[in-house]
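I would like the entire structure built from these sequences, with the hints used as guidance.
For reference, each letter of the sequence shown is one residue, going 307 to 1039 in our numbering.
If you are wondering where the hints come from, they were derived from the structure by calculation, not from laboratory data.
Watch out, some of these pointers could steer you wrong.
[As the list claims (entries may be wrong)] Straight-line distance between alpha carbons at most 30 Å, and here's what the computed DSS-like set of lysine-lysine pairs gives:
1. K504 x K800
2. K489 x K980
3. K565 x K504
4. K565 x K530
5. K997 x K801
6. K856 x K591
7. K801 x K591
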Amino acid sequence: MTTYFAHSTDSPTKENWQPLCVHLTEVARRCGEFSSRFGAEPWGRACGLLHDLGKFSREFQARLEGGRRVDHATAGARKAIEVFGPVGKLLAYAIAGHHSGLPDGGADGGPRNDTLSGRLDPAKVNVPEIRDFESVVDGGRVQLPRPVIGRDGFSRAFFIRMLFSSLVDADFLDTESWLARDKAGRRGGYPAIPELLKQLDQHLDTICRYDTLVNRRRAEILAKCREAAILKPGIFSLTVPTGGGKTLSSLAFALRHAKLYGLERVIYAIPYTSIIEQNAAVFRKALGEIGPAAVLEHHSNYQPSVEDEEDETSPALRMRLAAENWDAPVVVTTNVQLFESLFASRGSRCRKLHNLVRSVIILDEAQMLPTPLLQPCLAALRELAANYGTTIVLCTATQPALHRADYLPCGFADWEVREIIPDHAALYEDFRRVEVTHVGGLSDAEVTARVLAHPQALCVVNTRGHARRLFERLGTGNGHFHLSALLCPAHRAKKLADIRRRLEEGEICRVISTQLVEAGVDVDFPTVLRAATGIDSVAQAAGRCNREGKLPVHGEVTVFDPECGLPPGFFRRTADVGALTVRAFSDLLSPDAIHHYFTQLYSFEGADGLDAKGILRRHEENARSLSFPFREIAEDFRLIDSGMDSLIIQWDEEARHLIRELRHTDFPAATARKLQSYTVQVYRRTLGELKAAGVVETLADRFHILINDCIYDDNLGLCPEDPAFRNPEADIF
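Encoded structure:
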């Protein structure tokens, strides 16, 4: 009998090539193990056995010896339908897409041959003849029970995604174990959940020793979190005022809950990249010596040190591997990573999904769930809790109104969400640190006069243009700062370090900023001004005022209507709804005011506005046919604007060194990652204008470098309004 191989090596004798039967058996075992966590082991085993069926062909075996590319996935998808009938289509998606990504379902008889229906049609797609596969593929060996999903389209599509994730990860890990055994050997070895809980408890008992009113309240919150951990897995809310210690208290709940119910990891999702490093560092410190080996920090800006990259035994190297599939016990990531992966089609993004099963997901700042995608986000959270054994914690000081309603049919029923701190409203007064006043309209001159009246003040506005105008009016005096996303992250970090130092030492510190400073940035001003906006953003701005409670009286937060008006679209709608709350409540930050604001906002948006891309509708339209448009949905589900490009700024010597490295390396990915802290996001139209003006150089068609330093100002950041301007001194090298 012919020996068939799955993977080749450099050996001409084929002595260390991987036999195909070995690969299929091992992938089936791994995929079945992953799928068993959501009650679908036979489904996973079937995926693993069938996924590389097309490699039982002369053409593919010739490919291993340097021949042409061969479609080896379609044969297994067709066999799934042949062996298991219509239900085999659930397998066919994962098998057909295990390299190219989940395909769109397509319509029977449609013209496209890249859809699943097209690939299943022999008249549209020819695949090599397969042979000698009977010893591995036997329909009698894999009996499929009813799938562990509901009847609705979303549940069925979600099940397919989980099978796909299990298969992709199993396939990758088995291939790696054969072809890259050193790399495979560096995976795993993480501390166990009970070990992490023991370390955290010791740390928390130490920091709660000091007997102050704030610490007593924090200790009460922590105790409630520990008590609630015994409740059965499901959906929880954790409503804790700013300063209540919710970051570590929520981790205490999650680790204790995971230990009691045998859950496998804690995933802490944050809406802002800017504070992931901060929270991950808090977790590592709290988990003691084993913290660095337990906490995966997964986001675009995280860079291991040069020493970490060279040391193949370092925790950072292990964490880079863990970022591929999230198998670490504690994962700190962004909402973008979490939710876009849940709706992705590419294998690299979906590979981690099966590790969300039987985990605890903490959504920090839960009010920041994107309003236009709120319904599909809630549908995914409910699906994880209902069918995949996952516990969800909605963690925030300003809990959004996510109860089910006509305008929010995917909202949670009252019985579904259990509040960890039932008397959280009483805590509001104990942690109250500011007074919020709405003063009506203020001109730019009046705003700057109010800022100048205080030695330390923060003013937050809605647009970059308004921030720049106010800063220019304020003047570039000592202790005056401007913050916006037009400053590269490394530049912003330096400014924030200077701002914090000045605040701590009592020096003059006046800051004009866009809303980016509200993104969990740890600064503490006695006075804050906020341009009119939604109440949730007012609360975030208020979190930068009297943050540590050191003032003898409450901090002063002033909300004003800017003379330039409000930006159009969603910003205006949130401000208009915020104005309704201003008229209805004297205390804008009270729990009742927050609930009123979100109820009014979601009602105003309506069911269609809360699923602006029709994600759920497209799932349900295809529920019976199982012809889900996976790729279309992946393109449409974007939490951030995809019409932006990164522009690299030569801000300091390190950036210039990395740019020189980028010009000469054959492997730019690692260097490009390091340069992310030197980038500014710009609209593609703006990038085109800068290119036309000759001030941007593009390397390898994808790395855009600002070569005219004159339009990057030390105070304002990127100033693309006049890219033709050039300082003659810039021509001197």
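Hint-by-hint comparison with the structure:
1. Of the supplied pair hints, the one linking K504 and K800 is violated, its CA atoms being roughly 36 Å apart against a limit of 30 Å.
2. Proximity of K489 to K980 is assessed by CA-CA distance (about 22 Å); at most 30 Å being required, the pair is judged to hold.
3. A distance of roughly 11 Å separates the Cα atoms of K565 and K504; the hinted pair therefore holds under the 30 Å criterion.
4. As the CA atoms of K565 and K530 are separated by approximately 17 Å, the hinted pair is consistent with the 30 Å bound.
5. The straight-line distance between the Cα atoms of K997 and K801 is roughly 29 Å, inside the 30 Å bound, and the hint therefore holds.
6. At most 30 Å may separate the alpha-carbon atoms for a hinted pair to count; K856 and K591 meet this at roughly 25 Å.
7. A C-alpha spacing of about 25 Å is found between K801 and K591, which places the hinted pair at or below 30 Å, so the restraint holds.
Of the numbered hints given earlier, the model fails hint 1 alone.
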